[in-house]
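Please construct the entire structure, taking both the sequences and the accompanying hints into account.
Protein sequences appear in the order of chains Y and B. FYI, the numbering for the first sequence is 0 to 122, going by numbering that gives the first Met the number 0. FYI, the numbering for the second sequence is 0 to 195, going by numbering that gives the first Met the number 0.
Note that these hints are calculated values from the structure, not bench results. Remember, it's a predicted structure, so these values are computed and weren't measured experimentally. Ideal placement from N, C-alpha and C gives every residue a C-beta, glycine not left out. Check each hint, because a few of them may be wrong.
[Said to hold, decoys possible] To be clear about the criterion: a stretch of chain B counts as covered by chain Y if any three or more of its residues have a C-beta under 8 angstroms from a C-beta of chain Y, and this derived list gives those stretches: (1) 81 to 94; (2) 123 to 132; (3) 177 to 191.
[Claimed, not checked] The calculated label-pair distances, taken between Cβ atoms and stated as ranges, are: (4) Y:SER87 with B:MET0: 14 to 24 angstroms; (5) Y:GLN44 with B:GLU169: 52 to 62 angstroms; (6) Y:PHE18 with B:LYS185: 14 to 24 angstroms; (7) B:ASP26 with Y:LEU114: 44 to 54 angstroms; (8) Y:GLU90 with B:SER168: 35 to 45 angstroms.
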Amino acid sequence: MKHILVIDDSPTIRVSVEFTIKKLGYQIRQAENGKDALEKIAEIQKAGDDIALCICDVNMPVMDGITFIREFRKTDKFTPVLVLTTESENEKVSAGREAGASGWIIKPFQPAELLKIVEKFIR
Amino acid sequence: MIRSTENRYGKTLYTLFPGDYFATGEDCILGTVTGACACVCLYDNGRRLGGMGHFIVPGMIGTEGIFADDIATQGITSMEYLIGEIVKLGGDRKYLKAKLFGVARLNSRLSDMEGVIKSNIRFLKEYFSLERIPVETEDIGGMNRRQVLFYPTAGTAMRRFQRRNDDASEFVRIEQEYIDTMFRNKPRYGKVYLFE
Ligand SMILES: [Mg+2]
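The following block contains the structure:
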């Protein structure tokens, strides 16, 4: 079973992203911050399943998105991580890229476009 | 937004204009005047910080949930900007409480004002319910412009109705311009950068 992990502190955003990409037929899991995401990933892997892709917010309590990507990339160099955030400053985008993000999408996202990007990365 | 230290309140006053959002842990006052727009005040009492956002959802929301609606998305994003600032200061939406003001039936230039007002009220109700953020004050609707003062670290708010539009003529003009721009440019989406 392949999973897509949606990481955002906003339940509304998580539901909205899930609603947009659920037609891809992947198992969608939600996490509310970076730490929660790392725990969910460990759980999924322990069950013998794979993560196909992460969609990750930046501004979250407990562990922010950039810190999450750095932690995640210590052990996983390949699984795509798409950042989905309101942050648009060049320095933030570069920090995300350097941490190992695969893409940076600024909110609000266009549903059809997000779906296309996710499809491209999980192919 | 304008910051002023010389005022009758004895604290720094940040005056927000339509489209503005601001969060702080400073012992200060956030103030605005709102007509058809929503004024959302949020605070995290334990951490003594809070913020205010002044925005409108530019149009009619469809019958599906706000999470599946292009117009409502614009409102969700306004809230994301405000809560994002609170999170950057160390806040957590799990501990936020909300006070809501505005959304008065005031904008005669909108072709379907009643529908837009209803959509904005529905947006606020659905959003705060999805986010599980308790709404302590819901002072919305009606026919009057409101002046709102909010103490972000204490979470207290004061509201005064403005009976005449010329009591806040500058705000009336700026809010009209903001609403016109929002309706002209909807829906707007963010940029995408792909690195791979
Ligand atoms: Mg966030």
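Going through the hints against the structure:
Here the region 81 to 94 of chain B counts 9 residues with a CB under 8 angstroms from a CB of chain Y, which clears the bar of 3, and the coverage holds. Here the region 123 to 132 of chain B counts 4 residues with a CB under 8 angstroms from a CB of chain Y, which clears the bar of 3, and the coverage holds. Here the region 177 to 191 of chain B counts 6 residues with a CB under 8 angstroms from a CB of chain Y, which clears the bar of 3, and the coverage holds. The given range of 14 to 24 angstroms is respected by SER87 of chain Y and MET0 of chain B, whose C-beta atoms sit roughly 19 angstroms from each other.
Distance hint for GLN44 of chain Y and GLU169 of chain B: a CB-CB separation of about 58 angstroms, consistent with the stated range 52 to 62 angstroms. The given range of 14 to 24 angstroms is respected by PHE18 of chain Y and LYS185 of chain B, whose C-beta atoms sit roughly 20 angstroms from each other. With their beta carbons about 46 angstroms apart, ASP26 of chain B and LEU114 of chain Y fall inside the hinted range of 44 to 54 angstroms. The hinted range of 35 to 45 angstroms is satisfied by GLU90 of chain Y and SER168 of chain B, whose Cβ atoms lie roughly 40 angstroms apart.
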